[in-house]
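Participant: Letter by letter, the chains look like this.
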Amino acid sequence: MMLRGLWKLTWLEIKIFMREPMGAVGAILIPVLVFLGAGRIVGGRLPPPTFAASNFIHVGLPVLASLLIAINAVISLVTIISIYREGGILKRLRATPLRPQTILTAHVIVKLLLTAATLALMVLAGKRYYPVGVHAPLFSFTIALLISTWSILSIGFLIASIVPTARFAQLIGGFVMYPMLGFSGLFVPLAALPPVLHAVAQALPLTYAVALLQGIWTGDPWSAHVGDIAALALVFVVCTALSTKVFRWE
Amino acid sequence: MGPVIQVSGVRKTYGKTVAVDEVSFEVHDGEIFGLIGPNGAGKTTAMECIEGLRTPDRGSISVLGLDPFRQVYKLQDRIGVQLQQAQLQKRIKVWEAVDLWATLYKKKSTDGERLLEQLGLIDKRNAWFMNLSGGQKQRLFIALALINDPEVVFLDELTTGLDPQSRRAIWDLVRGIRERGKTVFLTTHLMEEAERLCNRVAIIEHGRIIDIDTPESLVSRHCPERTVVLATDNPLAEERLRSIPGMESVTRSDSRFTIRGRGDDLVTEVIHCLSENHIRVSDFRTILPNLEDVFLKLTGHSIRE
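Protein chains in written order, with my numbering: chain X, 1 to 250; chain Y, 1001 to 1305.
Keep in mind that the hints were calculated from the coordinates and are not lab data. Heads up, the beta-carbon is just placed ideally off N, CA and C, and yes, glycines get one too. Accuracy of the hints is not assured; some may be wrong.
As the list claims (entries may be wrong) - Here are some chain Y residues pointing at chain X (derived, C-beta under 10 Å): (1) Asp1077; (2) Ala1086; (3) Leu1088; (4) Arg1125; (5) Ala1127.
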């Protein structure tokens, strides 16, 4: 069977991740604590926000937070794959009947679970300390976020497939991901961008993730975002196809 | 039954470097076959082509009747592999690795716990990989190579970097693998290891195979010199020793004689001469060439560079 060993490997990778000194704390606890801290400061001390600021807190911030977590997951995936390659772990796994898809899928599942766990904690924490009066469709938003993460992960894979060392991988991951976030329409509306940058933004996959997430958060029906989902799926297909072509085991 | 491994005319290049060239040999069922040569001779490349981890530029390979390139998954189900300088996840526990490996193979695997016991790792079953010693890591890799009860086991530079004591322990394990009826293909740059373990060896240098045979045949073919050192007070000794067939020189220092000659019979002839002439000796030693000398003879330099 193609995915022989997938669940065992996934469970194992979760356990191994939790044994890392900064594993669970760094990936789950710290984002939640930062979120709580920021929520207290911003929520408690600021005068009633202007409309623009309020809109950012209500819509932009949750979307930003979710994307940051997703990007974090991607960068850590890229790093893990390159550490495994550098250490010869990938090569050792390759000398078994384990298929490359299985190894990669296991890591994607681990990262998705991690993303979901962090978000769930944030939502719980947010309910308590961050009463912004938002009644977002959490279930739909989660699905939208999973779709976005899946698509962003495939970009991560492509990077992980070709980048030689772990240090470099982390750097490249950051350099590709964070600027994309800047042009995604999250901070500055796409319409306000000069035509050239607007075209750039249209070509970046994160733009579609932001559109989808913001839309779903504010209660759009799924039918309004078919285009975004198609774009994200396209990114996934292209990146996955490319990375299976260029993937290096050592 | 044909050979378990059949390699013919294999060539592999990396850019302009020719790693392996025109390599051909066969490995038979139930033997320990060693590919020996200095570091960088092409041993690992040749082995990884046979394991299906690399694709040769030319030539053909068949393992258990399978093509390692086209039928790699089928093949990997039936072989066990230990790679040079492999690592596992730092914080994976010994039993977890064995457990994971056991689920990867179609065939029902051997009892992992028993394997750990046989390899002396049972006390370490809950230890993280990163906390194991070099010898323990190698034993774990042997366990992983054996978990699917493979028909052929590949061992690449198994004892490199280990202290002599762990090395000897590992050798016993490898002999144990053969005793279970498995074929073992190994590479080493340690001539002693090859001599102690291998039924047959292929000497490889600069990517080419120079000669293949049993260690004993290689030695007697390329290094027929034999030396006997003995000590005696018998005044007639020197004269009698000089008449031994096959003798080439006898040198004396006080009561010690060094007899040099050629051929496997020299030692027997010396003993025969001593007993026939009732020469009592207080010391008797033979100095026989080994694979190290064969390598020196064939390549003009020592395997240790």
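Participant: So, for every hint listed, does it hold in this structure?
Facilitator: Here is how each hint holds up against the structure:
Using the Cβ-Cβ criterion of 10 Å, the hint placing Y/Asp1077 at the interface with chain X is satisfied: the shortest such distance is roughly 5 Å. A distance limit of 10 Å between C-beta atoms decides the matter here; for Y/Ala1086 the minimum to chain X is near 4 Å, and the interface restraint holds. Interface restraint check for Y/Leu1088: the shortest CB-CB distance to chain X comes to about 6 Å, inside 10 Å, so the restraint holds. The interface hint given for Y/Arg1125 is violated, since its Cβ lies 15 Å from the closest Cβ of chain X, which is over the 10 Å cut-off.
Here the hint on Y/Ala1127 is broken, as its CB sits about 12 Å from the closest CB of chain X, past 10 Å.
When the structure is compared with the earlier hints, violations turn up for hints 4, 5 and for no others.
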